[in-house]
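Engineer: Chains as they are written, first to last, in numbering that gives the first Met the number 0: chain E, 0 to 306; chain R, 0 to 277.
Please keep in mind that the hints were generated in silico from the structure rather than gathered at the bench. The structure displayed is predicted, hence computed values, not measured ones.
Here chain R is said to cover these stretches of chain E; the calculated rule only asks that three of the stretch's residues, wherever they fall, bring their Cβ under 8 Å from a Cβ of chain R:
| id | region |
| --- | --- |
| 1 | 209–222 |
| 2 | 235–242 |
The calculated label-pair distances, taken between Cβ atoms and stated as ranges, are:
| id | chain 1 | residue 1 | chain 2 | residue 2 | range |
| --- | --- | --- | --- | --- | --- |
| 3 | R | G179 | E | L177 | 42 to 52 Å |
| 4 | E | F105 | R | V21 | 18 to 28 Å |
| 5 | R | S233 | E | E236 | 15 to 25 Å |
| 6 | R | K81 | E | R110 | 32 to 42 Å |
| 7 | E | V111 | R | R188 | 32 to 42 Å |
| 8 | E | G143 | R | V21 | 23 to 33 Å |
| 9 | E | W147 | R | S221 | 21 to 31 Å |
| 10 | R | L43 | E | L177 | 51 to 61 Å |
| 11 | R | V21 | E | S109 | 19 to 29 Å |
| 12 | R | G83 | E | E236 | 37 to 47 Å |
All C-beta atoms, glycine included, are put in the ideal place defined by N, C-alpha and C.
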Amino acid sequence: MSARKIQKAPAAAVSGQPPAWLRRTILIVICGVFLVPLLAMFEFTLRQQGGGYGLEHWAALVDPENSRMYRNLVKGIGNSLLLAAITIAIVWLLFLPTIVLVHLQFPRLSRVFELLTVLPIAIPAIVLVVGLAPLYRIIVQMLGGHIWTLALAYGILVLPFAYRAIVSELEGMGAKTLVEAARSLGASWFTVLWRVIVPGVRRGLTSATLITAAVVLGEFTVSSLLNRVTMQVALVEVSKSDPYAAVITSLLSLVIVFALLFIFASIRPRGQRRLRSAAGNVSTTTAATATAAATATATQKEVGANG
Amino acid sequence: MKWLGLTPFALYVLIFLAVPSVLAIGTGFFGADGSFTLDNFATLTDPIVLGSFWASIWISALTATVGAVLGGLLSFALTGAKPGGVLRRVIDSASSVLAQFGGVMLAFAFIATIGIQGLVTVTLRDSFGIDIFADGVWLYQLPGLVLPYLYFQVPLMVIVFLPAMEGLRREWAEASATLGGGAYTYWRRIAGPILAPSFLGALLLLFANAFSSYATAAALISQGAQIVPLQIRSALIAETGASRANTAGALALGMLLVMLVVMLGYSALQRRAARWQR
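Please model the complete structure; the sequences and the hints are all you need to start from.
Structural biologist: See the structure below:
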């Protein structure tokens, strides 16, 4: 009996992992508590005017008769989607080529570049907006007051996330060697970027795109203080007269963004799958996990965008 | 020639990051008439403004500490879960949603939960006879920020700290066990010291996150300006004239100074933590 005990104790210590019951308790308690607000939101949306539960408020949201009341909300959602699309375009067409260029051609600049991409986190959006307000007064004079100009400010807000997601993939794919090979075979820079780099960093680029969309759709600080109607601004506005509509929309968007991220996380990269199926031994699996962990650190480190 | 490729990005960052930052800090040094003055910084000695700095700092410290402990526990519990497994994917995605997307919507979640008619408020009152608002409704006041803030701080901790937790090598535990170390020794002497810089770094990042957070508070608190970001809001949207924009500049500089100290500490800790992550 004592022999079994001795055997068991180091086994638990060796893995460095908590015992299963403790793990499960922590998970159930914390996740349970975190589900309460979401359940409360759902319960809230089902309350009927005269008491009891029903789909009254959900129906009211899509009722054409109320379309005037929700006009601003619809406009805000439309604006936010447009802003997300333009900001994603900034990430693809401006950030990606620049990050690749710095990585390949100006490696000595990469430290400066990295520091630069941390600045939008160190400078809170609420501070930045103090300076954006006078800047946008000039922009409105020059380019007009259309909503799209706001995407130019949003690009800065998503720069840290986009940079980290893309650069960690660049390092992972061994971009330098591949690009040299492509160049020596006579490929133009554009071909290199489009046919070597983009497929190589596809995962990082997708992750950057998703984070960009999430940050832009959730953005409130800059848009509200610059008096632009985005989804979050319209939500706050609508919540004053119709809290049910605000809660339904919030719940739906939380669930939709969660689903998008979950689906993305479920698509396993090809390379990793090959690694796993090719060799079932421990070291390969560990290496794959370590890479995944490192990527996660790099992409998601220094996240502070809860504006 | 190849430097030319950097110009579009350089121009963009100059106009939309450098210029606004300089303007934000700069406006604090000018009066409404455009002349140089240090008068705006008198606002930083105003008891109400000082109070809001103090409130911002303690609410950030409180939610960062509790968030780091709970998020740390959750990461600890998740180390056994298979990376890429369903549980991990659910937690990863949910953490990103709550930490990066929530903002205003988290305020609504808590109005539905512990608002006057919220599910938890009503359940506690009707079924258990507990009135959480016996001393007045605190959800729309400073204390009301604690729970919504934790709702995005804990997920952020998981995002930041879980990779460090997973960076613990199996070999280290094995070496410790081979030399006769038990679980306590392993955590006390090996895992603890290795994780400490990551943990403290994450704690500072959470502090910075709460300190700069605006959306949740703005959606919850419509009366008064209990924290610095709300002070900036009332300075920016005041209808009394341009002079308040300069006050906003002074407040912004105050916030930046706090952030600077926090971020310097963070990068120092990050360098220490990086030693073990190779």
